[in-house]
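Asks: So the chains spell out like this:
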Amino acid sequence: MADTKLLNVKKLLLHFRTQHGPVQAVDGIDFDLDYNRAVVVLGESGCGKTTLAKAILRLLPRNVEKYSGQVFLSGKDIMQLTDEEFRLSVRWAGISMVPQAAMNALNPVLRVGDQIFEPASIHLGMKRGDALQLALKMFQHVGVPADFINRYPFELSGGMRQRVAIAMALITSPSLIILDEPTSALDVLTQANIFNVLKRIKKELGTSFILITHDIATSSELADDVAVMYAGQIVETGDSTRFFPQPLHPYSQKLMASVPRLRGEKKLEFIVGQPPSLINPPTGCRFAERCAQRFARCDQEPLVIQKDGRTVKCWLYN
Amino acid sequence: MNALKNSFREILRYPSAIAGLVAVLLLVAVAVYAMIAIPYSKAIELWRGGEEVWYTNPKFAPPAWINFFRSKKLPESFHANSADGKMEKVVTPGSQDTTEVKLSYTFDFEADEYPQELMVYFNTTYQDKIPFASISLFTPDGREIRVADTGLAHQQNIRFSQEARLVNRYGGGQQQLVMQGLFSDPKAATPTPLKGKYQLVITGTTFEAGSDINADFVFHGQVSGLAGTDMYRRDLMVALLWGAPIALAFGLLASLGISITTLIIAAVGAWYGGWVDEFIQRITEVNMVLPFLPILIMIGTFFNRSIWTILGATIALSIFGGQIKALRATFLQLRESMYIEAARAYGASNMRIIFQYMIPRMIPLIIPQLVGGVAGFVFLEATLAVLGLGDPTLPTWGKIINDAESNGALYNGYYYWILEPSVLLMFTGLGFALLGFSLDRIFNPRLRGM
Amino acid sequence: MSAEEMTMEAVKIEPDRGKTGALLSIQDLRVWFELRRFGFGRAGYVRAVDGVSFDLGRGEAIAIVGESGCGKSSLMKTILGLYRPTRGKVIFDNEDLTEKGTEGMRWYRSHVGYVQQDPYGALAPFMTVQRILEEPMIIGGVRSKGDRLKRTHDVMEIVKLFPIEDFLGKYPHMLSGGQQQRVVIARAMIMKPNFIVADEPVSMLDASVRVEILKLLRGLQETHNLSVIYITHDLSTVSYFSERIFVMYAGQLVEKASVSRLLNNPSHPYTLALLNGTSDPDAKNALTFKEVPPGEPPSLVNPPEGCRFHPRCSKMIKGTCDVKMPPEFLPEADHQVSCWLFQ
Chain L
1 MADTKLLNVK
11 KLLLHFRTQH
21 GPVQAVDGID
31 FDLDYNRAVV
41 VLGESGCGKT
51 TLAKAILRLL
61 PRNVEKYSGQ
71 VFLSGKDIMQ
81 LTDEEFRLSV
91 RWAGISMVPQ
101 AAMNALNPVL
111 RVGDQIFEPA
121 SIHLGMKRGD
131 ALQLALKMFQ
141 HVGVPADFIN
151 RYPFELSGGM
161 RQRVAIAMAL
171 ITSPSLIILD
181 EPTSALDVLT
191 QANIFNVLKR
201 IKKELGTSFI
211 LITHDIATSS
221 ELADDVAVMY
231 AGQIVETGDS
241 TRFFPQPLHP
251 YSQKLMASVP
261 RLRGEKKLEF
271 IVGQPPSLIN
281 PPTGCRFAER
291 CAQRFARCDQ
301 EPLVIQKDGR
311 TVKCWLYN
Chain F
1 MNALKNSFRE
11 ILRYPSAIAG
21 LVAVLLLVAV
31 AVYAMIAIPY
41 SKAIELWRGG
51 EEVWYTNPKF
61 APPAWINFFR
71 SKKLPESFHA
81 NSADGKMEKV
91 VTPGSQDTTE
101 VKLSYTFDFE
111 ADEYPQELMV
121 YFNTTYQDKI
131 PFASISLFTP
141 DGREIRVADT
151 GLAHQQNIRF
161 SQEARLVNRY
171 GGGQQQLVMQ
181 GLFSDPKAAT
191 PTPLKGKYQL
201 VITGTTFEAG
211 SDINADFVFH
221 GQVSGLAGTD
231 MYRRDLMVAL
241 LWGAPIALAF
251 GLLASLGISI
261 TTLIIAAVGA
271 WYGGWVDEFI
281 QRITEVNMVL
291 PFLPILIMIG
301 TFFNRSIWTI
311 LGATIALSIF
321 GGQIKALRAT
331 FLQLRESMYI
341 EAARAYGASN
351 MRIIFQYMIP
361 RMIPLIIPQL
371 VGGVAGFVFL
381 EATLAVLGLG
391 DPTLPTWGKI
401 INDAESNGAL
411 YNGYYYWILE
421 PSVLLMFTGL
431 GFALLGFSLD
441 RIFNPRLRGM
Chain E
1 MSAEEMTMEA
11 VKIEPDRGKT
21 GALLSIQDLR
31 VWFELRRFGF
41 GRAGYVRAVD
51 GVSFDLGRGE
61 AIAIVGESGC
71 GKSSLMKTIL
81 GLYRPTRGKV
91 IFDNEDLTEK
101 GTEGMRWYRS
111 HVGYVQQDPY
121 GALAPFMTVQ
131 RILEEPMIIG
141 GVRSKGDRLK
151 RTHDVMEIVK
161 LFPIEDFLGK
171 YPHMLSGGQQ
181 QRVVIARAMI
191 MKPNFIVADE
201 PVSMLDASVR
211 VEILKLLRGL
221 QETHNLSVIY
231 ITHDLSTVSY
241 FSERIFVMYA
251 GQLVEKASVS
261 RLLNNPSHPY
271 TLALLNGTSD
281 PDAKNALTFK
291 EVPPGEPPSL
301 VNPPEGCRFH
311 PRCSKMIKGT
321 CDVKMPPEFL
331 PEADHQVSCW
341 LFQ
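Residue numbers (our numbering), protein chains in the order written: chain L, 1 to 318; chain F, 1 to 450; chain E, 1 to 343.
Do not take every clue at face value.
[Stated by the list, open to error] Only part of the chain E face toward chain L is listed, based on derived beta-carbon distances under 10 angstroms:
1. 68
2. 208
3. 213
4. 214
5. 215
6. 238
7. 275
8. 276
Just so you know, the hints here were simulated from the structure itself, not pulled from any lab data.
Since this is a predicted model, take the numbers as computed values, not measurements.
Even for Gly, the Cβ is constructed at its ideal location relative to N, Cα and C.
Can you build the whole structure from these sequences, using the hints too?
Replies: What follows is the structure in structure tokens.
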């Protein structure tokens with residue numbers, strides 16, 4: 001009934017082959033993202049969120065055991081494309097990415113402007129002059145002064161470098177940008193600046209975002225929707241206005257209860273135990289062994305239950 | 001310890017590692033055997049011995065197993081001593097204190113070539129009256145060849161090729177042809193060895209009570225023993241066996257000594273920085289320019305060729321090499337680690353940090369080249385020996401090659417003399433190199449998975 | 001008392017209850033690092049700590065908050081005894097550290113606990129937990145092996161790493177992040193210190209584990225009457241953990257107050273900016289832009305004249321803030337601000 005959403009992910013699966021067995025990093029993910037919306041994928045380390053980004057963008061390592069599912073970008077299943085088609089039409093043209101520690105991934109021997117030029121020339125076929133003009137425009141969007149275009153990465157601060165990385169992701173005007181821990185190594189004020197940049201881009205260019213982070217508090221700066229990931233699966237989705245005050249899944253609840261707050265005297269809770277290994281995940285609900293509210297039915301894998309436009313993967317809501 | 005067990009399991013994953021490990025273990029086994037079977041003092045005694053020790057061996061004789069590859073078999077060497085009971089001895093007392101001593105020994109001659117020499121070494125006891133003996137050789141076709149009749153002083157040696165009687169009758173006047181003459185078929189037109197049972201009979205008479213005659217019959221064939229002989233008739237097996245522990249010891253001590261010292265010096269320099277570091281670096285740079293082998297040669301020529309001197313000089317010259325710079329770079333990085341900062345924060349002294357916090361981290365990294373380096377030092381010792389600068393008293397592989405070369409082994413066709421030590425050297429080098437490379441793959445994380 | 005409480009009682013480390021006076025007194029501390037330059041040119045100084053004064057009471061926990069490059073790491077390392085002050089005094093338990101020799105400093109260092117940011121990096125990877133815990137004791141002169149063993153067990157109980165025997169034999173890479181940090185804390189406690197310095201102790205841990213560790217630290221501080229200096233850039237954790245907050249900028253402390261006063265009445269413009277920049281999980285955040293002071297923290301080699309924050313301050317008073325360094329003013333009791341606005 002709705003128009004096609006920007007992104008429709010159905011049963012996305014990515015398993016890796018390792019010495020100890022297959023790692024089921026992304027294990028049947030379903031979620032949607034609308035145009036000009038930002039979804040934050042929340043989860044702790046090892047839950048598979050970075051792998052999710054790579055699965056969507058087909059940035060696969062050599063030891064892939066299984067890779068399946070459907071990813072509809074503006075109605076078209078990009079999983080069906082060949083690698084070359086994918087490279088040309090999806091990567092950077094449709095979806096671009098700012099990977100973790102992108103600010104450290106800038107080539108130290110190239111000027112910043114030259115590095116931005118590269119995706120423009122590959123994907124947009126631009127000549128150098130036009131690409132540099134475009135780069136300057138991008139710099140404006142992210143708030144980097146124009147004369148920085150001739151500087152080397154080591155001459156820029158961490159925050160500036162991260163903005164350059166975002167500019168690189170923006171240059172082909174993609175409809176979706178995936179950001180993996182964009183501010184984890186940055187200071188508070190720099191972080192605030194970066195999120196201002198992202199908010200402005202979202203407002204001015206209508207871009208959608210997938211924000212992957214474990215920093216729950218700052219994620220609320222950008223999030224319209226929230227997806228919570230645990231042990232390779234998405235256990236809850238919903239819009240942020242309802243999620244943050246009232247998370248549904250027991251894991252989300254515990255997660256939110258463990259966030260320290262500047263304002264408000266809330267008692268902090270922590271979760272006992274550890275997330276399960278992704279090599280042999282337990283059958284049934286993967287959170288069951290750490291859940292205070294588990295009951296008999298949790299031995300079976302819970303269905304994804306719809307609840308007022310939110311989804312929860314938990315038998316408590318059946 | 002767990003880490004060591006895991007590393008060991010890792011080693012077994014690589015076939016080259018297994019090959020290297022097997023080679024090294026074999027070498028160690030040979031070395032241990034050598035040290036047990038022939039204790040060091042005895043080995044030196046044997047190696048320095050002359051005629052009295054080695055008289056039973058011919059000179060320049062290839063190993064006996066060569067016959068396996070030959071259509072025309074070469075005669076093997078052997079000896080029979082009546083004192084051991086190898087030679088039959090019959091003592092018959094006669095009249096008036098005389099005794100007849102009859103020694104006889106039967107042997108098969110099946111070879112296609114003639115022996116080098118036959119000898120009888122007499123060992124007699126008497127007071128005043130010299131015993132008397134006559135030697136005869138009985139051929140398979142029933143001839144008796146009178147070899148010698150002689151009085152026997154305490155030690156008397158009879159060399160068949162030098163007996164005038166034999167030279168004239170069988171050698172045609174030439175000593176070299178005596179053997180040919182003795183063992184040829186008289187009926188054949190061209191010299192053909194007469195095969196069959198030969199018997200040596202020595203009939204001796206003593207003229208006193210208590211007087212005795214013992215003889216050692218030595219047959220110098222063309223081949224001898226498992227490894228052959230050299231110009232001093234020495235059985236090369238002694239040196240081949242003992243070369244193993246000496247090579248291993250030299251290689252290991254050099255490699256170990258250098259690695260450990262380099263580690264410590266690099267760590268100290270990197271930790272203290274400042275003038276200590278500068279000083280070490282300058283010494284290293286100067287030392288790296290110095291030519292290593294020529295200096296060792298000079299030390300050997302002008303000073304002292306003892307293997308301990310050479311070992312010491314090798315270690316001293318190798319410590320301040322490129323290795324120090326590489327290790328120092330890693331130590332500089334290590335110095336900034338968080339756990340070292342924590343150690344400083346709880347008051348660890350500099351020495352403690354260097355030896356207990358930094359160096360243990362680096363030990364896995366130096367193990368591969370410690371092992372691989374052993375081969376290099378083994379070759380170094382051999383090189384010096386071949387150049388004539390090795391320790392002249394020690395039986396090493398290099399020394400064998402050196403002897404071979406000074407006696408024109410290749411020119412004279414004594415290939416076994418050069419091949420045997422060379423093969424052992426190559427085997428050692430290969431074994432340690434293979435093991436070293438595999439260890440490198442295990443301990444150097446960047447190469448893992450290749 | 002529960003079994004747990006009885007254990008805590010038994011292993012209490014309380015060297016200080018009863019003593020009076022500040023445990024640590026920092027007086028006009030300056031730590032400058034010389035910049036070496038080849039050839040000509042005056043070599044400058046990086047003025048990492050440039051006039052810091054405060055007192056740390058016994059059993060008190062203070063948080064030092066600031067962004068990277070403000071000098072808090074250098075301040076911390078000087079307090080730990082790893083750097084020597086260029087000027088000023090560090091007085092610990094009434095003894096002037098600047099007058100101590102190497103031996104004295106080593107004694108001091110072994111009586112200050114240090115909890116580092118990266119739990120894996122802080123532990124020597126080739127040592128077992130037992131060895132890691134023993135090292136400070138061996139260095140600190142606890143001679144008897146029996147004593148050391150007992151203290152190891154005590155401290156493992158305090159940080160709740162059970163079963164103790166199991167953990168003692170493990171290597172760091174076999175432990176989770178939270179467990180590693182517990183070992184680091186155990187090591188910090190093993191010499192029965194009066195005082196612990198914690199440098200971003202939870203920033204490299206997962207969200208849910210952070211709470212565990214913070215609670216543990218708070219519990220230890222209360223039970224053993226420890227003084228703690230807690231260094232962080234994450235303001236949202238300070239209210240759970242400390243009594244007072246100091247805000248540091250460009251080598252100086254610009255505001256000092258108790259936690260409640262600072263959060264209720266933040267005074268210095270930089271403090272305000274930091275508080276504004278810190279988010280709580282609230283969906284409304286996505287709808288507004290944050291106000292961030294323009295520019296970047298200044299270079300510590302050539303800091304600006306007068307108040308070091310003035311180039312970025314929207315409330316700057318021309319002629320005053322850009323000329324003279326502000327002294328400390330007291331807008332209310334127990335609340336110091338270095339800002340001309342409060343003259």
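Asks: Hint compliance check: list the failing hint numbers for this structure, sorted ascending.
Replies: none
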